[in-house]
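Please take these sequences and the hints and turn them into a complete structure.
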Amino acid sequence: MKNLTKRFGEVIANDKVCLTVRRGEILSLLGENGSGKTTLMNMLSGIYFPDEGEIFINGQPVVIRSPKDAFDLGIGMIHQHFKLVDVFSAAENIVLGLDGKAVIDRRALSEAITGISRKYGFEIEPERKVYDMSVSEKQTVEIIKVLYRGADILILDEPTAVLTPQESEKLFAVLRNMRDDGKAIVIITHKLNEVMEISDRVAVLRKGSCIGTVDTACTTPRELTEMMVGRSVTLDIDRPSVPRGEERLKVVDLTCLSEEGVTLLDKVSFSAYGGEILGIAGVAGSGQKELCEAIAGLCPVQGGAILYAGEVGGVPLHENLVGKSPMEIIRKGVALAFVPEDRLGMGLVAGMDIVDNMMLKSYRTGKGPFADRAPARVLAADVVERLSVVTPGLSAPVRRLSGGNVQKVLVGREIASSPSVLITAYPVRGLDINSSYTIYHLLNEQKEKGAAVLFVGEDLDVLLELCDRILVLCAGRVSGIVDARWATKEQIGLMMTHSGKGGGKK
Amino acid sequence: MDSVINLLVAAVLAGTPLLLGTLGEILTEKSGNLNLGVEGIMFMGGVAGLAGAYYYERLVQSPSGAVAVLIAIACAFACGAFGSLIFSLLTVTLRANQNVTGLALTIFGTGFANFFGEVMASRSESGYAAVGDVIKSAFLGIRIPVLSDIPVLGKLLFSYNILVYLAVVIALAMAWFLKHSRKGLCLRAVGENPQTADAAGINVTRCKYAATCIGGGICGIGGMYVVMVTCGGIWVHNCVDGKGWIAVALVIFAMWSPARALIGSLVFGALSIMRLYVSLGIPTQLYDTLPYVATVVVLIFVSFKHRRENQPPAALGTPYFREER
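These protein sequences, in sequence, are chains A and B.
At position 242 of the first sequence (counting the first as 1) the number is 242 in the numbering used here, and the numbers step up by one without a gap.
At position 243 of the second sequence (counting the first as 1) the number is 243 in the numbering used here, and the numbers step up by one without a gap.
Simulated from the structure, these hints should not be mistaken for laboratory data.
These numbers come from a predicted model, not from an experiment.
One or more of the hints may lead you astray.
[What the hints assert, rightly or not] The calculated DSBU-like cross-link candidates involving lysine-lysine, where the alpha carbons are at most 35 Å apart (straight line), are:
#	chain 1	residue 1	chain 2	residue 2
1	A	K68	B	K179
2	B	K183	A	K119
3	A	K250	A	K324
4	B	K183	A	K129
5	B	K183	A	K101
6	A	K170	A	K119
7	A	K129	B	K136
8	A	K83	B	K183
9	B	K155	A	K101
10	A	K83	B	K179
11	B	K136	A	K170
12	A	K138	B	K155
13	A	K68	B	K183
14	B	K179	A	K119
15	A	K138	B	K136
[Said to hold, decoys possible] Quick list of the computed label-pair ranges, beta carbon to beta carbon:
#	chain 1	residue 1	chain 2	residue 2	range
16	B	R95	A	L344	13 to 23 Å
17	B	A74	A	E54	23 to 33 Å
18	B	T318	A	F370	30 to 40 Å
[As the list claims (entries may be wrong)] Just so you have them, the derived chain B footprint on chain A, three or more residues with Cβ under 8 Å:
#	region
19	73–85
20	276–284
The beta-carbon is built from N, C-alpha and C at its ideal position, and this holds for glycine as well.
Here it is in structure tokens:
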């Protein structure tokens, strides 16, 4: 690939990226979230069309306009979200969409699939239905689907994100077999230990540009981290110094499992104090979502305790939130507010107006069967005015507001209940600079009021400037809590990618 | 004994239009299109089939029964497919709401058929839009030498009109098509997960159009059956009379399987004519509710078993936008 550039509007997702993949090698594509890894590979697999630059395969310039073109050139991509039909068997999914005789010869198909699996060391039952399969089996189906179509270049987008360590080991063994068979393999990841384990070479992307390509054998995780995160940027975010208040929230040995039994949170322990912003850092899917939802009572917890300390009308209140539904948590008088990651899915109802959305928190307070709209309208008008929400009116459905204004409405509603614990998940994601600063300001205001604020973020620069302390999650474990005033980006970057090994420095 | 056989034969005859409607709707729903316009499409097919046979009879000196049957089938299929084409155009290309479009199609089809039925009747000398005896008898039961003369079995299996056998053949062919053919696999993928189908290089739009239009054509033949067989080749105002709706219920009863639709339509056919053969001493309105009671009972049992294969196609009723990934 030579000088590939892709723009989305004004944002440059990939800027003149050059990359070479050789036969019989595994290349890791390393980079933070949003550094353009997936975009780059999507251009190779025909989902996006590059704005500039050329792609060469075996020395020949090629044009890839659709996934089908990519297939014809022997490029196969295994996406993070599997594209499989649940009620079909593995074999049916593999053969779907291929040309051939009107009738499918199931026996020959099964034999071909078994042949591929035996060659590379997969385990698969061709007649098994996809809905009966575990995540790793589904991934196997996806890989075989690509191989069955004759792919020589395989691209795997964060293949281990959904796997248990044992399953990852198995996958790596298969990948090595394919490499030895002469296939070119690109694996997109942000887990350093995996990069070191599996790949022959590493290409590092940062903010859409290729920083460099190195041989795995002559590099160290530390060097890669530095390439990945780059130097610190100053953002000038305020960090008012407030004396640390009482302990508001104490989480002890919190453990969560996914439906498939994968550990999402592994004995997470920390405390959050009033008057501070506790940042939560980690690569995507390290357990941030589960942590927030577990505290808010939305995610089933397998073990541990979430201890809340606050007061109701001057009377101290101590509660363990584990096992309580959001309703029970509210009834107990726990002043907890949650700004979820998925604003229009979990936070607000897109089709309802601002007033009605405010009422989601207060509809129970009216007399008898009637809801009392008056306070909600006052609150809505207040939020719109104070946070300068740009809206055609209070009765406009929130769906029609821009992302930043939607977020202001949501944050405004949550802080209106003057919470003593405020959880925010990616509150500035997708927001422009000005809106972001408004949100930072609001969070600081809450901190000054003595609330404990949890801030789940992805941009390390922001975390370092806004937060007082930063808790780093890695694969569901706390790899350490650092003081944001003294911590460096490299230090956090290393903690994010090293599961429990060498991290945890204060 | 005789009354049991009579009941069964009558059930087959009454169940065939339901079977055709159900098969058409199964094919349509397998592509993810929920076409609630079956009733209207059956009306359209009915009037078109009658018109085809009727005008063929008036144009030729000595009409042949076999040709009239073929013309009626072709006209009914074409008109039913046309109705479904309207549906596909609105829901697939223009992305209108499928439920609303289907209901509108029912109203349109009913009016369309009654209008043209009345026009045909008012222009004829007798005041009825009816075909002559030659064509009428072509839609009566066939007689196969030897086979039809077997006691009991002959009457049970080899005494029906040609459309009954056509419906059974369509059911078996469709069952085979969906399970074993490459195209059938593609079609099911489109109904289950159009994103995946699209990524696998299947033309989702073309698949939906084809399945919906062919399905509508089969429904149209069902409507033609009502006019030519049940009503005896004469246009009767509002003749389809809810059979399209029973077909929609039957799709659920059959759990989207053409083979089970065979059994389902027999049961529904029997239930719908039972009051003429079995006297339970209950009001006739209660007899009329029996098919629907049966659907509810089946739904309860299906939800108990909860097998994934028995569920409706996952993407049923939702339009597909490629850009909305």
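Results for each hint:
1. A:K68 <-> B:K179: This hinted pair holds, its Cα atoms lying about 25 Å apart.
2. B:K183 <-> A:K119: 30 Å, holds
3. A:K250 <-> A:K324: 16 Å, holds
4. B:K183 <-> A:K129: Roughly 19 Å separates the two Cα atoms, so the pair holds.
5. B:K183 <-> A:K101: 10 Å, holds
6. A:K170 <-> A:K119: Distance of about 14 Å is within 35 Å: holds.
7. A:K129 <-> B:K136: 50 Å, violated
8. A:K83 <-> B:K183: The given pair, whose Cα atoms are some 19 Å apart, holds under the 35 Å limit.
9. B:K155 <-> A:K101: Violated, because 41 Å separates the two Cα atoms, which is more than 35 Å.
10. A:K83 <-> B:K179: Holds, at roughly 21 Å.
11. B:K136 <-> A:K170: 71 Å, violated
12. A:K138 <-> B:K155: 53 Å, violated
13. A:K68 <-> B:K183: Holds, at about 18 Å.
14. B:K179 <-> A:K119: OK: K179 (chain B) and K119 (chain A) at ~29 Å, within 35 Å.
15. A:K138 <-> B:K136: 58 Å, violated
16. B:R95 <-> A:L344: 13 to 23 Å: 21 Å, holds
17. B:A74 <-> A:E54: 23 to 33 Å: 55 Å, violated
18. B:T318 <-> A:F370: 30 to 40 Å: Cβ of T318 (chain B) to Cβ of F370 (chain A): about 36 Å, so the range 30 to 40 Å holds.
19. 73–85: holds (count 3)
20. 276–284: violated (count 0)
The structure is inconsistent with the numbered hints 7, 9, 11, 12, 15, 17 and 20, although it conforms to all the rest.
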